[in-house]
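Undergrad: Generate coordinates for the entire structure from the input sequences, incorporating the hints supplied.
Quick note, the sequences are listed as chains Y, P and A, same order. Using the numbering used here, read the first sequence as starting at 19 and increasing by one per residue. Using the numbering used here, read the second sequence as starting at 37 and increasing by one per residue. Using the numbering used here, read the third sequence as starting at 639 and increasing by one per residue.
Think of the hints as simulated: they come from the structure by calculation, not from any bench. Some hints could be false.
Stated by the list, open to error - Computed list of lysine-lysine pairs in DSS-like fashion (alpha-carbon distance at most 27 Å, straight line):
| no. | chain 1 | residue 1 | chain 2 | residue 2 |
| --- | --- | --- | --- | --- |
| 1 | Y | Lys119 | P | Lys45 |
| 2 | Y | Lys119 | P | Lys98 |
| 3 | A | Lys930 | P | Lys65 |
| 4 | P | Lys65 | A | Lys903 |
| 5 | P | Lys65 | A | Lys902 |
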Amino acid sequence: MFSDTFSDTLLYFIELFLSGLTRGSIYALIALGYTMVYGIIELINFAHGEIYMIGAFTALIVSGIMTMYGYAGLSVFFTAMIIAAFYSSAYGYTIEKIAYKPLRHSPRLSPLISAIGMSIFLQNYVMLAQTSDFMPFPSLIPDFECLALIDYMIGGPELIILITTVVVMAGLSILIKFTRIGKAMRATAQDKTMAMLVGVDINQMISITFIIGSALAAVAGVLIASYVGQINFYIGFIAGIKAFTAAVLGGIGSIPGAVLGGLVLGLTESFATGYVSSDYEDVFAFALLVMILIVRPSGLIGRKTTQKV
Amino acid sequence: MRFRFQSIKSSFWIAIWFMMLTFPLIVIKVNTIEQEIIWRFQNMIWMGICIFLIALLMQQLKQINLNQIKGLYIYQSLKHTKAVFVSYSRQWFIIVCFLAIFFPFLVSAYQINIMTTAMIYVVLGLGLNIVVGLAGLLDLGYVAFYAVGAYGYALLNYHYHINFWLALPFCAMLSALFGVLLGFPVLRLRGDYLAIVTLGFGEIIRLILENWNDFSFGPSGIAHIPRPPIFGWETNLQTASIFMYYLMGLMVLFTIFMVNRLQNSRIGRAWIALREDEIACQAMGIDRTKTKLLAFALGATWAGLMGAIFAAKTTFINPACFTFLESAIILSIVVLGGMGSILGVMIAAFILILLPEYLRAFSEYRMLIFGASMVLMMVFRPQGLISHMSKQYLQSSKQS
Amino acid sequence: MSQFFLKLTALFLLLFMSVTLYAAETINLGVAGAHSGDLASYGIPSARAAKLVVDHINDRGGILGKKVEVWTEDDACKPELATNTATRLISKGVHVVMGHICSGATKAALGIYKDMNIITMSPSATNPDLTQSGDYPNFFRTIASDDAQAKLEVDFAINVLKLNKIAVLHDKGDYGKGLAEFARKFIQQSKKADVVLYEGITPGAVDYSAVIRKIKRSKAQAVIYGGYHPEASKLVSGMRKKRMDTIFISDDGVKDDTFIKVAKKYAEGVYATGPKDVSKHPLTIKATSEHKNQYGDDPGAFFLNAYSATLALLNAIEKSGSTQYAAIKKALHTEFVETPLGNIRFDQRGDAVGVGFSMYQVKNGSYVEVK
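TA: As structure tokens, then:
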């Protein structure tokens, strides 16, 4: 059925690999937000997927206005991304203050339910404020002529997505490891009370975490919207669940874990589609998750926390 | 009511913040299909005013002195009314029971149906309560067992023409089996890892049902699922609904009884010990594995039973009925009710299920209000409607 | 005191009776469909169509001397909500129902309508079982069923485009998968072409590049896709961006101007089946202009089908002279009614005679019928 020359098979494998990396990078970018928030307040922020969606919509609005006034190309791209990141961060910050901060000392499940409610609220808010239709998103990433040769294998948008993820991860790691703020964030994640005692402003650290995570989600939103070409108020839900799975897969609370988890998830789905069937790609993804967690209960590179009695 | 300048100022800034925050989405409506942009500045003004008033109100509420309130006449009279209420609680209880029994004859089939659905969720909430509330195992995939029960009955009926009553115990056992299947891989997992795996499990079940056409008829679902036969009586919509209502009423009573007894039994205490501290529990000699598996299995049994009843009630099921959102709603019912509290779960189920139906008048804003209510209810009452109080053993004043 | 209460009770009884008597004086038309949620664009035009028709009829004096009243209920295309909607409409005392919109929701609600002997006519539920299984004698529709669509697509691909390697894709939904199954069956039956790929894609997934690469590898000459326009446009743009010129054939979920506007230049050349072109019919022109006057924009999906369905239902009541189930059914089978879709009546199974599908292609940014 398929012509099975070696080069064809290899090419196919490489294509699937690149596909998986692209998908995985998107998951990774969103997963970073999940993992950072979890690391610092042990909360699964279900509304994070919606922040990704709001970022995409904000970029849509900005690019729509700019296109109407005659701008195009890279300037639109960067402006849209910056404004989207700004607004998503603002939303993340506000959501934290309204729905999570009052519940910081409550039983563990209450903020979770609050997050789920917030997720439903935001979905419908965007649907009512904008539209329930699928809105086409302009492809803001211009065509790079130099890539024309391998264009059938990997296009401009995919490359941008991969590069962005690498840059973001590097930047985030530097931030966490080498800056003062990073140190303060790590301290807050480890032990809030002690961090307060040594003079760290907990509330500020938590807010900063939300802001950074939300900005990353917005970047992912803009990238994927340009790549796929359309957005709708519901995209946050599925992306959110997948990204959350990725974060847990890699070890929730760990930043390299989120990226690793995202890539592993993306690759699994891509290969499952390519070699088995697209019908069951999600089943493969979740089955993989279960298997990895059985073998490594704290995720791929999660921290093993000793349980104290 | 005195409005201090400080609170007015901060409310003002909060309003400005929200106006700016929601500006793109609320004011600008970009339609890239039609290539047009609509500016709706009036929305921003409305938003600003509303937020300003709400913020002001919240600030005032924070500043209210509790003693001042207690001195108010209104508070005293309300308290008096409540006392009167409580003293007649037995009579109220009888009246409520009376209404519940005669309810189906007073209202239309539609209302009966809604009430039946609410009762199904009450039992689902009580079932999940065993897993999450008592045993402390965060299960985000509870809907999988619900689906197993529903499809179990539907398929048994389709292939072997097994009638409802025979299928019920089978569905219960099948779900319990699935509960154990889920339990085995997750024995070592804690907290949020457990959550995601259970979520994955729920999704896997749904996806298999959706894709394995030969087995489950895929997305088109199974139709013409017969209602439970009532010994030869002719059923039309009205009588069937009424019958379902009473059936569910009995199920609710049965479940309450069972959960109550389980809570106070040996296994119930083992679950509570497991929830409080897993390692200490093991140190006390409780078999963790058996306890966890039993929690999953029993929780799943109830979901399976409800699944079968759900299939019989709506006569048509497809995989889209069993999404993650359902699990989330059931979990919300448990948390909102106050984990471990039976009455709380009942009230929460009624609120969360009846609210969207009665909000139909608002159609478009229904889910928005629903989501907002969930957040508000958690923020204002995080311990749930009826917070769990552990049993207290007081020494009786009479010397034995 | 008791005198007062007696009088009060008498007054209430009187009011109650008069209200019910008044209520019995209308003919109640239930309109059920998706008026909210992501499939609302498929349901709202139908509700509007019903309203327009009913307003006309009431202006002319109603039917059989009574006014017609429309009761709209939203089911968001979800089967469990559809059963609630059906119960609600029945509680309101509807005589006939125009709806539902999605096949799944319709199937769920039909059992209830059948028990209560209520004629139901859908403008858009295309699942073949609804009429062909014989399980729903109370169901009619003003749109041809999915197997007719699939047959048209397959015949076109094999006989007109002369293709022999076809990939069949679907969105795992009831509608899409049903169409895809039929397409696959017809291709295999024809023995003139091979189904080189048969896959379902997940709607709402983050990207589809893996599936697109798989299509490329399978060397399919065309893709027959069953599903709705969002995924279709994602697939088509993905394929064209990877320099694949695979022909894309799809169904009436994609024959929608929104598809062209979303996929833009990538939509060019895409084939889709849709209801036969009746834009020249005088009633069509009239109905479309009414919609424009009332609502300010062009009517959306299934508007004409719903318009015709409402006309057919009310015409059947009028011609039969009653709101009884058997009488209306007979009238629908025997009487012709003039609608924007043509002069139609209904066959024994409930399908409309004279309503079929054609193939369209996107040329220069709009759908053009392919003869």
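Undergrad: If a hint holds in the structure, say so; if it doesn't, say that too.
TA: Now the hints, each set against the structure:
At roughly 22 Å between alpha-carbon atoms, lysine 119(Y) and lysine 45(P) fall within 27 Å of each other, so this suggested pair holds. Simply put, lysine 119(Y) and lysine 98(P) have alpha-carbon atoms about 16 Å apart, close enough for the 27 Å limit, and the pair holds. Taking the CA atoms of lysine 930(A) and lysine 65(P), the gap is about 22 Å. The hint holds against a cut of 27 Å. Restraint check for lysine 65(P) and lysine 903(A): the C-alpha separation of about 24 Å stays at or below 27 Å, so the hint holds.
Restraint check for lysine 65(P) and lysine 902(A): satisfied, since their Cα atoms lie roughly 20 Å apart, inside the 27 Å limit.
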